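Student: Since the structure of chain R is already known, use the hints to place chain X on it.
Chain by chain, the residues:
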Amino acid sequence: MPEPSPLLVVDDLKTYFFTRRGITKAVDGVSFTLHAGETLALVGESGSGKSVTCLSLVRLVPEPAGRIVGGRVLFEGDDLLRKTRAEMRRVRGKQIAMVLQDPMTSLNPSLTIGTQVSEVVRLHQRLRGASLRERVLQALRRLRIAAAETRLRDYPHQFSGGMRQRVSSAIALSCAPRLLIADEPTTSLDVTIQAQYLELLKEVQAAAGVAVILVTHDFGIVAANADRVAVMYAGKIVEMGSTLQVFDHPGHPYTRALLRCLTDAGLKRQQLVEISGQPPDLARLPPGCPFAPRCPERQAICEQVAPPTVTVENGHTASCWAASPVAT
Amino acid sequence: MILQALGLTKYFPVTGGFTVNKWIKALDGVSVQVAEAETLGIVGESGSGKTTLARLFLLLERPTSGSLLFDGKATRDFGRDDLMRYRRSVQAVFQDPFSSLNPRMRVEDIVAEPLPRENGLGGAATRGRVGDVLQMVGLPRESTALYPHEFSGGQRQRIAIARALVGTPKFIFLDEPVSALDVSIRAQILNLLKHLQATLGLAYVMISHDLGAARYLATRLAVMYAGKLVETGACDAVYTRPLHPYTEALLSAALPLHPSARRQRIILTGEVPNPMNPPAGCRFHPRCPRVMPQCRSEEPEWKEVEPGRFTACHLY
Numbered sequence: 001m002p003e004p005s006p007l008l009v010v011d012d013l014k015t016y017f018f019t020r021r022g023i024t025k026a027v028d029g030v031s032f033t034l035h036a037g038e039t040l041a042l043v044g045e046s047g048s049g050k051s052v053t054c055l056s057l058v059r060l061v062p063e064p065a066g067r068i069v070g071g072r073v074l075f076e077g078d079d080l081l082r083k084t085r086a087e088m089r090r091v092r093g094k095q096i097a098m099v100l101q102d103p104m105t106s107l108n109p110s111l112t113i114g115t116q117v118s119e120v121v122r123l124h125q126r127l128r129g130a131s132l133r134e135r136v137l138q139a140l141r142r143l144r145i146a147a148a149e150t151r152l153r154d155y156p157h158q159f160s161g162g163m164r165q166r167v168s169s170a171i172a173l174s175c176a177p178r179l180l181i182a183d184e185p186t187t188s189l190d191v192t193i194q195a196q197y198l199e200l201l202k203e204v205q206a207a208a209g210v211a212v213i214l215v216t217h218d219f220g221i222v223a224a225n226a227d228r229v230a231v232m233y234a235g236k237i238v239e240m241g242s243t244l245q246v247f248d249h250p251g252h253p254y255t256r257a258l259l260r261c262l263t264d265a266g267l268k269r270q271q272l273v274e275i276s277g278q279p280p281d282l283a284r285l286p287p288g289c290p291f292a293p294r295c296p297e298r299q300a301i302c303e304q305v306a307p308p309t310v311t312v313e314n315g316h317t318a319s320c321w322a323a324s325p326v327a328t
Numbered sequence: 001m002i003l004q005a006l007g008l009t010k011y012f013p014v015t016g017g018f019t020v021n022k023w024i025k026a027l028d029g030v031s032v033q034v035a036e037a038e039t040l041g042i043v044g045e046s047g048s049g050k051t052t053l054a055r056l057f058l059l060l061e062r063p064t065s066g067s068l069l070f071d072g073k074a075t076r077d078f079g080r081d082d083l084m085r086y087r088r089s090v091q092a093v094f095q096d097p098f099s100s101l102n103p104r105m106r107v108e109d110i111v112a113e114p115l116p117r118e119n120g121l122g123g124a125a126t127r128g129r130v131g132d133v134l135q136m137v138g139l140p141r142e143s144t145a146l147y148p149h150e151f152s153g154g155q156r157q158r159i160a161i162a163r164a165l166v167g168t169p170k171f172i173f174l175d176e177p178v179s180a181l182d183v184s185i186r187a188q189i190l191n192l193l194k195h196l197q198a199t200l201g202l203a204y205v206m207i208s209h210d211l212g213a214a215r216y217l218a219t220r221l222a223v224m225y226a227g228k229l230v231e232t233g234a235c236d237a238v239y240t241r242p243l244h245p246y247t248e249a250l251l252s253a254a255l256p257l258h259p260s261a262r263r264q265r266i267i268l269t270g271e272v273p274n275p276m277n278p279p280a281g282c283r284f285h286p287r288c289p290r291v292m293p294q295c296r297s298e299e300p301e302w303k304e305v306e307p308g309r310f311t312a313c314h315l316y
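Listed in order, the protein sequences are those of chains R and X.
Residue numbering for the first sequence follows this note's numbering, beginning at 1 and increasing consecutively.
Residue numbering for the second sequence follows this note's numbering, beginning at 1 and increasing consecutively.
No wet-lab data here; the hints were simulated from the structure.
Please note that a few of the clues may not be correct.
Only pairs whose alpha carbons sit at most 16 Å apart, straight line, appear in this in silico EDC-like list of lysine to aspartate or glutamate [as the list claims (entries may be wrong)]:
#1 X:K194 <-> R:E38
#2 R:K202 <-> R:E38
#3 R:K268 <-> X:D236
#4 R:K25 <-> R:D12
#5 R:K14 <-> R:E87
#6 R:K94 <-> R:E63
Restraint-style ranges between C-beta atoms, simulated for each label pair [as the list claims (entries may be wrong)]:
#7 R:A65 <-> X:L60: 37 to 45 Å
#8 R:Q271 <-> X:A237: 19 to 27 Å
#9 R:Q271 <-> X:L60: 56 to 64 Å
Owing to the predicted nature of the structure, the values given are computational and were not obtained by experimental measurement.
In this text, a Cβ means the ideal position worked out from N, Cα and C, and glycines have one as well.
One chain only, chain X, in its complex shape:
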């Protein structure tokens, strides 16, 4: 199975009174794919379009243009059965386990909710399956009767992971899965995710601004800036030898974990561009330390620079 985005674009209208006069270009022509059992890390700053991309993949938004393919079939042509299969195969875990779990539902009902009612899963079978996934995520089977407020943040994130796992999905979208958690709890959740992937053969799409966490989990990395992909490639290759100047600056802004590693960082000037009015040419050119005349007018083409390494930059 494979999930594929082809030129995905999403514009949100900004209404002024009754007329739409402006568009927020949240995502602009993004093509990326996720294969079985791999982890695609999507990194970028706020407003880069990471979350919009995930929402399109989860069918929570319709793309303005471009298409989304699942096993070669476009989601826009899905019938009822295809849609059921898609929703079972693609699940999500969100950032904040305090808002993603309904406080008035018991853990059992939260976790069992994605299970289809009609295919013969009665009370006992459902309970058994819920108990199994709770155990998989490291919670006691007896926690089913409790409410979310009786758990800590890390445990709640485990419940959210159990809910994603219960229907045996193939792809899980992790939207900042550890950002809301304490440092000492992050490692627990990251290790759990890694372990589950190894035992269940899951594919993850991990959206994060935490470059350390992305490096730990991801096998392939996609870097986004202002609604566009700037670079993709094998995770280690991108971290050790970034191609695009933005990737280079982003990685250099990540702080080293030892005081003796204090080094000269590339400090970008300026801010992320306004998505209503992105700059012409390359969207990074106003902040780029290696800007050239053509960057201001011509939009760089998305191309394979080395085997498996794609980037959109006039330097290559």
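Just chain R, same shape as in the assembly:
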């Protein structure tokens, strides 16, 4: 059986910010593919380029400071980077939807929930009146907003944090998108509410067959929800593979170090192995591997030449001079 063609192909995407301090390479040659129904986690620390990657996919990079300077984003075969603004507006919200970190800022505090959900449905599905209302209610019910009819007239501040995030997910999923980009969707939520939300997202995703790009810095969320992981550092994907592959045989020293320095609620650790140093300044990157100054396995070549991307096992790559295929 031939492999189905991927929903999204990102090829050598580059987004730079042009500032007085110089050029900040926020996203520097990112490539990945995503199939329908799949969940890809983008993990990394702040400033690693995960959010800018997502904004680039939907062409919402803050201009004029930021610009997509190269690469291709093929969504169902069409290059999104070649579309006009008007064409992009028809893609955003309809085919690609986003959920952001803080629902208190992504929802408009002065409009009712009903208005905000129906705005998207009205624009993209061109529905009016009773059928519009029906679709809005259906979207809210799918995300388990209790008593949806009466809550249509409520404002965001009348909802709790977890419910607000469900409302903004209802908006995102109301037009049955093919791709959902969730940028740190649970960072502002409490642990038990986070568990509720992630479980619900999984359910809705399975039912609707939507592909998800899940941006997070939390390896627990990756372990629990992602099919595949891309680890980002300083604007580059340094390692990518299935979740099990990356957790079982991390191929990049950065991934290995991260997995060793995490605290785990299920395990008492005597000592955490820390990563020394700070994440690099993106405007002044070293010529070689960006992780080299902090890397415990650094060699002479690492500081001079950017590392190759090595296939460590089927579907699992790492960008490191020391990476080698896993013996199986």
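Tutor: Relative to chain R, chain X alone:
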């Protein structure tokens, strides 16, 4: 030395025009103690009262009722000297090192600020002490002349720790000490805190919603829900065998660190109750998977179920 809270309660008034007609019950009858050189982890979700408890301990708020004892003496009866001694012995490190350090002060002045001026510490001695604590937290002695904005988040948190340490305290309250930091920096700060505790014999009270970080540092754990303690006990015992259904659900909601450990989680329905109008009986009963009829009306008593393990639940 020992810090002890006895039935601490804090209600905040909600004013409607000129009259107070409602109270937010932020903390309701909490009794807990901290002994020297131990780490008490306080975990719970937002609104559970963790931060209010810390603010009471730091004397930043007065309790509505209940008392706070330091070496057996109630803080409410403190004279000037007692208060000085208390403030020297009890220090704090806050969550966000971007807002807890004054951006217009140099590191030297920030760190030296808690040092009392009158007991003979002149310029040189103060500078020496500041340099020493900076070194202890892993910053170069020369950083004294710099301003906070010249440091990264992790380094700023080190400055905040240095400020807490400078007066040789016995107790340090850590309010979400690593939540605002990047993953790769968290381990550095947690290891530093652990190392300082071992070398200086400090007691920590660590307030956190990060169950992993709490497990790493804490020796004893207190779980809070809706302004009340639901369970306390030795940290490992609570993690491996929680008594209260809320503790069980909270721990099960913490995500495992390996994909093969994906398991059936206890997903709680509903939300944390409104602190203005907490439910009758046990405050957890509307969300409790093991609720019984008496939970709806009778408030469970706080009792020692096993040696060293306290909980408030009708199951025991």
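Student: Next step is simple, just say for each hint if it's right about the structure.
Tutor: Results of checking the hints against the structure:
1. Taking the CA atoms of X:K194 and R:E38, the gap is near 41 Å; set against the 16 Å cutoff, the hint is violated.
2. About 11 Å separates the Cα atoms of R:K202 and R:E38, which keeps this hinted pair within 16 Å; it holds.
3. Distance hint between R:K268 and X:D236 is fulfilled; the C-alpha atoms sit about 8 Å from each other, no more than 16 Å.
4. Between the alpha carbons of R:K25 and R:D12 the distance comes to roughly 13 Å, so the proposed pair stays at or under 16 Å and holds.
5. For a cut-off of 16 Å, the pair hint linking R:K14 to R:E87 is broken: about 21 Å separates their Cα positions.
6. Between R:K94 and R:E63 the CA atoms are separated by roughly 23 Å; this puts the pair beyond 16 Å, and the hint is violated.
7. Checked against the hint of 37 to 45 Å, the C-beta distance between R:A65 and X:L60 comes to roughly 41 Å, which is consistent with it.
8. Checked against the hint of 19 to 27 Å, the C-beta distance between R:Q271 and X:A237 comes to roughly 22 Å, which is consistent with it.
9. Judged by the Cβ atoms, the range 56 to 64 Å given for R:Q271 and X:L60 is violated: they are separated by roughly 34 Å.
Violation of the numbered hints given earlier is confined to hints 1, 5, 6 and 9; the remaining hints are satisfied by the structure.
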